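So the sequences go chain by chain: A, B, C, D, E and F. Take 1 as the starting number for the first sequence in the numbering used here and just add one per residue. Take 1 as the starting number for the second sequence in the numbering used here and just add one per residue. Take 1 as the starting number for the third sequence in the numbering used here and just add one per residue. Take 1 as the starting number for the fourth sequence in the numbering used here and just add one per residue. Take 1 as the starting number for the fifth sequence in the numbering used here and just add one per residue. Take 1 as the starting number for the sixth sequence in the numbering used here and just add one per residue.
Simulated from the structure, these hints should not be mistaken for lab results. Remember, it's a predicted structure, so these values are computed and weren't measured experimentally. Nothing false has been slipped in among the hints.
No distinction is drawn between identical chains; accordingly, a pair holds when it is met within one copy or between any pair of copies.
Cut-off 27 Å, straight-line C-alpha distance, at most; resulting in silico cross-link-like pairs (DSSO-like, lysine-lysine): (1) 10 to 25; (2) 226 to 25; (3) 25 to 77; (4) 77 to 226; (5) 12 to 226.
Number of protein chains: 6
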Amino acid sequence: MPLSDDTRAKLKTVSTATLCTGLYKRGLRSQFVQDVRPLDPEVETMVGEAYTLRTIPAREDLNPITVFQDRAHPQRKAIEECPPGAVLVVDSRKDPRAASAGAILVTRLMTRGAAGIVTDGGFRDAPEIARLGFPAFHVRPTAPTNLTHHQAIEIGVPIGCGDAPVFPGDVIVGDGDGVVVIPAALADEIAEEAVEMTAFEDFVIEEVRGGRSILGLYPPTDPQAKEDFAAWRAARGR
Amino acid sequence: MPLSDDTRAKLKTVSTATLCTGLYKRGLRSQFVQDVRPLDPEVETMVGEAYTLRTIPAREDLNPITVFQDRAHPQRKAIEECPPGAVLVVDSRKDPRAASAGAILVTRLMTRGAAGIVTDGGFRDAPEIARLGFPAFHVRPTAPTNLTHHQAIEIGVPIGCGDAPVFPGDVIVGDGDGVVVIPAALADEIAEEAVEMTAFEDFVIEEVRGGRSILGLYPPTDPQAKEDFAAWRAARGR
Amino acid sequence: MPLSDDTRAKLKTVSTATLCTGLYKRGLRSQFVQDVRPLDPEVETMVGEAYTLRTIPAREDLNPITVFQDRAHPQRKAIEECPPGAVLVVDSRKDPRAASAGAILVTRLMTRGAAGIVTDGGFRDAPEIARLGFPAFHVRPTAPTNLTHHQAIEIGVPIGCGDAPVFPGDVIVGDGDGVVVIPAALADEIAEEAVEMTAFEDFVIEEVRGGRSILGLYPPTDPQAKEDFAAWRAARGR
Amino acid sequence: MPLSDDTRAKLKTVSTATLCTGLYKRGLRSQFVQDVRPLDPEVETMVGEAYTLRTIPAREDLNPITVFQDRAHPQRKAIEECPPGAVLVVDSRKDPRAASAGAILVTRLMTRGAAGIVTDGGFRDAPEIARLGFPAFHVRPTAPTNLTHHQAIEIGVPIGCGDAPVFPGDVIVGDGDGVVVIPAALADEIAEEAVEMTAFEDFVIEEVRGGRSILGLYPPTDPQAKEDFAAWRAARGR
Amino acid sequence: MPLSDDTRAKLKTVSTATLCTGLYKRGLRSQFVQDVRPLDPEVETMVGEAYTLRTIPAREDLNPITVFQDRAHPQRKAIEECPPGAVLVVDSRKDPRAASAGAILVTRLMTRGAAGIVTDGGFRDAPEIARLGFPAFHVRPTAPTNLTHHQAIEIGVPIGCGDAPVFPGDVIVGDGDGVVVIPAALADEIAEEAVEMTAFEDFVIEEVRGGRSILGLYPPTDPQAKEDFAAWRAARGR
Amino acid sequence: MPLSDDTRAKLKTVSTATLCTGLYKRGLRSQFVQDVRPLDPEVETMVGEAYTLRTIPAREDLNPITVFQDRAHPQRKAIEECPPGAVLVVDSRKDPRAASAGAILVTRLMTRGAAGIVTDGGFRDAPEIARLGFPAFHVRPTAPTNLTHHQAIEIGVPIGCGDAPVFPGDVIVGDGDGVVVIPAALADEIAEEAVEMTAFEDFVIEEVRGGRSILGLYPPTDPQAKEDFAAWRAARGR
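Modelling step: build the complete structure from the supplied sequences, incorporating the hints.
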């Protein structure tokens, strides 16, 4: 079930916070990638299907610097084969002691049209990556080459990332709060619902800024709140 | 013992670092809220009396999304009842895996005249909150709704926040270094002393910028240092 | 083996990421100071020889505020004796619960001509230090005075900092990714090699920005890549 | 809804593992007290209603050794008022750096007829407590007096213990795997179900010891497995 | 390269400490499974080839209790297909909050002739497993069913376990110190060398018990030490 | 101020819990070595003056296995020079990923008459060490040679161990609860006081076993409690 243009467009307009609430309502409590943040806090919202890369702890004899001479090395292969519009999600076992990637690989990923990159480890060349205007999320900057602690081992398999389960094709959304994983089969309905919730939250925050209490308004247990929202939507065409 | 306007004004002009030294001199070593930071690093110094909210780990059956239909839900009640000028301090058990609050609630708190909010968990909608111009301190951004891991359970009781003890009415001060908790009974004398210390530190840093050694100056074991400081104060009317 | 002006100048032009790769090639995998970051992300690259300060956990009776009246207190002595051009590296046992230093001491260190300061703890007055234009790296801001948890005990001995071994005289380099420790005996050759690697990486990133694949280019297993690089160097005089 | 003798008796015969499965089937995934263990691994299964004690971080000026001269001190009061048959559950904020209690208090609790004690901190005099034959669960031994880091503050309120929510009256069961919290309203049905599950698991383990595959047997998707279990129950009168 | 009977027999007679030294001499520093211990401290040394099972964080909708009705569920399949003489190594992502397996599955694994089981999570029914006389290693006991936090996803792939890389077929050895992973290609030579080292260490400890200094003896830089060892070996036929 | 035979003898009869209370009364809250335990839980109480060994993170090129051919290597030197009756305290930077020592070195230390050994890392050959009847305390067993992560660097300097400050000559006491560090100058008075407290606690626990309430008894705010204690002492000659 590929991500439709319509759903992608909708997801670009909502927040990870709103999406987490939609997931929560469906009993999904573990879809937020814990402890990752955007390198560029001003970057636009990232949306794309998960393309996964898995790592294991590096064994010294298998990871000389020469391994990258192999064009089939999974890290390099993942960068070159991640589909346009997809998000490369790297399972770095929550270990930022060595980099998951650096500026050259992330730039290549960007020029190939990927939607973004997420690791539960760290990136090297972090200041350069932050200036690319490309959505990239990690735990913290880290200079050592990935070979120091990570051996990329497998592409396109289910992984964990920041304690969240990620299946290839799941829809990944990232913003200033972090990254959320939407199961592929739920993406359309969650996106639809999130657009509605966002309209309501925009209305609420306007009201609250104007001095209104949240009681009866958020959630709208007071019938007046529902009427006011309907009027607000009509006035704004949302 | 309510916080006086005079003490509040004084505390606005000093740093948490200086206050921690004042507390240290009195044998209080655990009053700094560990590992929290302002969402907006440029925000003005936060000062207010502690209004506390306590949470426990969320039990799934007690935390459907519908609980917020109850106007007496402690999280919502805390937002609506926190006194103007007070700081809402949330004991989130140092767990930022789910949000302690989001932009709507924090905006409401701000419009109600609170002085700020602190949690040893995280906020959702963190970029929005950062733009409010309202002092808010947390561990890190986090998108999941509070119900995912936190059940707000009690208001107005002594709590822990970031390993610091917080009693309702304690004076909370926050700046770029973080947040400190001043026992209510000590607020006046600590504020007074901190203003004096700040004058001295301003003098010292001027001298140091001019090339003077810290030896004999900081602390002023050299009599000349004391004389110079007296002259400096006289010249500046401090 | 003092750090030569030539090597210092070279190290100013390369990144910690590139240096870590050079160390990795020599079997050194533990030279990155884990989990520290610059207070000012825009600061220039820090380069200098390590001048070390070691701390132990503070014993309450040995650390009244009056200890600083002793001009020989190791923390103050380290600030006043760190050689110009050196980096003060503080072993704070990875404990940021209390400050390793504050704005006054860091300003003094700067005016004395030191190249920077690193701690695996935290600084107080962090916003002020961030504005100094002086390279300073730590884990996070922290307001409590160092006496709360740290007793400075020894200067000029081998230490650990962020899980990296640091010997006095090792060459310390810091940038937006963090801080790396180069064994003194390797500094010249690593600097030389890093300058070469940087030229190549600058070439690669230009190519990648232009749409070229990393396969065959990075590393340059394709002979064409080597030729292109030679042409690029010739054209730029690098 | 007090714990009935029948349910108490049933719970004495089942394991925390089996109970966790019963809770899991009802959507409760957070009822296991993480990272606590019995001081005496051979102790009998602990069953009782939760009687709760909450702590906050200790403030030095409020916790001189003389506080225990106050008979109303919450820690002492909790020991003297915990009902016979109940389990004293202490929220120590997952901090074992100082003791939650020692041998004298635990012995007093035992002689008063309590069913056991649980803390997500540690006990002092741990070897003595281990020899009492009284169910006691903690993170690890720790010699410092509770006043060093804990201030007992409140009795009989909902708390967290090892990341599990605990409401007064919840049914606490502990064995060699650790401690589980059963919501009071579910205790009867969970106990009933667990007794049935235990009979089935006893049958299964006998079969498995005899060389039978778990496929089709556990769970019993093979009709023969159900028949064999029925025969086994009949033969043993269970 | 299957594990030979001869190498298996040799490995049964040496310690994980000695094996780690052999690996260290070959530049392998990450082969010890960190933070796992035997459930039964008296169990015999475990030796076998790694048969691997990988997990990801559990997604709630994919992990109802009914999943075990599927005979192809990877956890159950791993138990039923692990070859005799092999060690089942489970990558539980260092998360002991829910069980990796319980007594029924471990008993089945034992009766099928496996050599042992290792997880970097925990086991439920830990006291029962400890009494089986079957080598089992974990972080700590934990009662919740694996479905609570773990979804078994893949068998027979390279994994991480306790920060060690584990490839299928690597030789796993466990004793009272924990578990070490020997790359398959090195097993014969490491075993051979470890037997020699063990003889020497047995000699040394006898000498040390008799009051001899370790200087010159361990390592045997004193020629007399080598002579004495030769005599000792001759006398004992080792 | 060497440890007197009288004080040593007294300390053998009291618990680390009682000693921590004595230290607490003097404002010393950080003298307990956090998170270490005896390898043999049945071992007798350890008492001795601290003889310290400091480590830093291991740099690979400085730590080939051949370093032990140097008789002056600090780890070996510490074992051979630790005075009889002293406790070797190793600052392993709270890192148990590699061993601080193994059975051969600990046996040598024992035969040389040392009183015990403590590390905030781990020991290899832990089961063997546990059988020596020699007091040894650590975090957990760990098989890798110390060279993997630790470089012994200095003997006889102040160190941290498990977050406690340790000065050479401080008096180290260890039992089933763990290890406490008594500043040398306080050892006599703390020992004296602890013997008195122990007599009182022995009286109290007898009373409590007999059914007496702790209120008024512990502490003895009820005059009757003091009288009863006086009678108890008289009867037992304590």
